[in-house]
Amino acid sequence: MTVAVKIPEDMELIYEYPEAMTTTYTHYCPGCPHGIVHRLVAEVIDELGIREKCIGVAPVGCSVMIYKYLNVDFVEAAHGRAPAMATGLKRTNPDKIVFTYQGDGDIAAIGIAEALHAANRGELISTVFINNAIYGMTGGQMAPTTLPGMVTTSTPFGRDVRLAGYPVPMSELLAQVEGAVYVTRQMATDLVSIRKTKKAIKRAFMVQLAGLGYSSVEVLSSCSTNWNMGPWEALEWVKEKMIPYFPLGTFKMTDEVKALKVK
Amino acid sequence: MGKGMVVIDVDRCKGCGLCVHVCPVGILALSPDTFNAKGYHPVIVTDMEKCTGCASCATICPDVVFTVYRKKRQPRAVPVPA
Chain A
31 MTVAVKIPED
41 MELIYEYPEA
51 MTTTYTHYCP
61 GCPHGIVHRL
71 VAEVIDELGI
81 REKCIGVAPV
91 GCSVMIYKYL
101 NVDFVEAAHG
111 RAPAMATGLK
121 RTNPDKIVFT
131 YQGDGDIAAI
141 GIAEALHAAN
151 RGELISTVFI
161 NNAIYGMTGG
171 QMAPTTLPGM
181 VTTSTPFGRD
191 VRLAGYPVPM
201 SELLAQVEGA
211 VYVTRQMATD
221 LVSIRKTKKA
231 IKRAFMVQLA
241 GLGYSSVEVL
251 SSCSTNWNMG
261 PWEALEWVKE
271 KMIPYFPLGT
281 FKMTDEVKAL
291 KVK
Chain B
193 MGKGMVVIDV
203 DRCKGCGLCV
213 HVCPVGILAL
223 SPDTFNAKGY
233 HPVIVTDMEK
243 CTGCASCATI
253 CPDVVFTVYR
263 KKRQPRAVPV
273 PA
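So the protein sequences, as listed, match chains A and B.
Read left to right, the first sequence gives residues 31 to 293 (the working numbering).
Read left to right, the second sequence gives residues 193 to 274 (the working numbering).
Hints are supplied without guarantee of correctness; some may be wrong.
One-sided excerpt, in silico: chain B residues whose CB lies under 10 angstroms from chain A [said to hold, decoys possible]: (1) 197; (2) 198; (3) 204; (4) 253; (5) 269; (6) 270.
According to the in silico footprint, chain B covers these stretches of chain A (three or more CB under 8 angstroms from chain B) [claimed, not checked]: (7) 35 to 45; (8) 107 to 121; (9) 217 to 229; (10) 257 to 271.
Keep in mind the hints are simulated off the structure, nothing from the lab.
C-beta: ideal position from N, C-alpha, C; glycine also.
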């Protein structure tokens with residue numbers, strides 16, 4: 031329901047619905063940062079004017095239906111295989127902009143080999159990686175990024191590091207390989223961090239436009255439903271509990287990437 | 193009419209309340225007694241006069257509910273050197 035409102039003539043438009051998003055309602059839970067990051071990707075695509083030549087690769091996870099929400103071409107990959115599919119797409123269509131949108135269960139568990147090797151080969155693709163420390167879609171089981179001691183449905187007494195190991199620092203791993211040129215970790219929990227995340231996503235897309243190499247943006251995010259918290263409380267929890275294990279920052283940025291001017 | 197103005201797409205709202213937390217002038221609230229088509233209590237503006245058009249609500253909204261307008265800035269009069 032959109033109510034027709036008369037806008038006074040002396041007002042100018044500051045923010046409107048991005049062109050690269052469809053008007054479909056999302057299926058995400060209330061307050062899910064997936065919606066925020068979808069919007070940031072759409073805004074970046076609009077600002078760079080690349081909507082007509084963008085191809086996204088959707089993951090398996092909560093964001094599996096991103097192809098319904100972004101108004102760009104999309105393909106759906108098998109679980110974890112988004113970087114492999116994006117590699118094929120980019121090599122056969124070098125004039126297109128190919129990006130993958132993946133969750134932590136997708137990139138850090140079943141798809142860690144594909145992601146690391148795509149980065150190592152220096153494929154000209156961009157990855158947006160949402161880390162919320164849990165498998166959201168399947169009902170809140172332990173993910174590789176789950177924090178030690180964190181209670182999930184498959185670790186009811188908390189993650190025991192002697193049995194299940196420590197959280198996988200995905201961005202630090204990706205930063206080690208030669209082919210990755212821009213690897214950063216941001217969060218989408220408050221106004222400042224959301225603006226920084228948008229800038230990082232824009233830089234990642236510009237890296238691909240300039241043909242420099244593999245770029246990845248990890249975004250710390252929340253899952254209020256499976257963490258059993260309210261939306262705002264969950265965002266506060268990210269800042270308080272996740273930052274010690276997943277410090278924010280840019281882990282790799284070559285001089286050519288640094289030279290790109292991101293407005 | 194104040195400095196800014198927001199238009200709310202009521203049926204997109206899921207009532208998560210993130211915008212209520214970030215609004216710097218505190219004029220957003222979840223409607224206590226109405227529902228939207230999805231069955232959530234949607235966000236409402238309690239006092240549009242106070243809106244500054246800062247677009248903080250639009251920045252954090254996961255469901256792109258807000259369209260934001262702001263009064264055009266008048267060009268400052270530059271004194272002409274004699």
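For each hint, the structure was consulted:
{"no.": "1", "hint": "197", "verdict": "holds (6 angstroms)"}
{"no.": "2", "hint": "198", "verdict": "holds (9 angstroms)"}
{"no.": "3", "hint": "204", "verdict": "holds (6 angstroms)"}
{"no.": "4", "hint": "253", "verdict": "holds (8 angstroms)"}
{"no.": "5", "hint": "269", "verdict": "violated (18 angstroms)"}
{"no.": "6", "hint": "270", "verdict": "violated (21 angstroms)"}
{"no.": "7", "hint": "35 to 45", "verdict": "holds (count 9)"}
{"no.": "8", "hint": "107 to 121", "verdict": "violated (count 0)"}
{"no.": "9", "hint": "217 to 229", "verdict": "holds (count 4)"}
{"no.": "10", "hint": "257 to 271", "verdict": "holds (count 4)"}
Checked against the numbered hints above, the structure violates hints 5, 6, 8; every other hint is satisfied.
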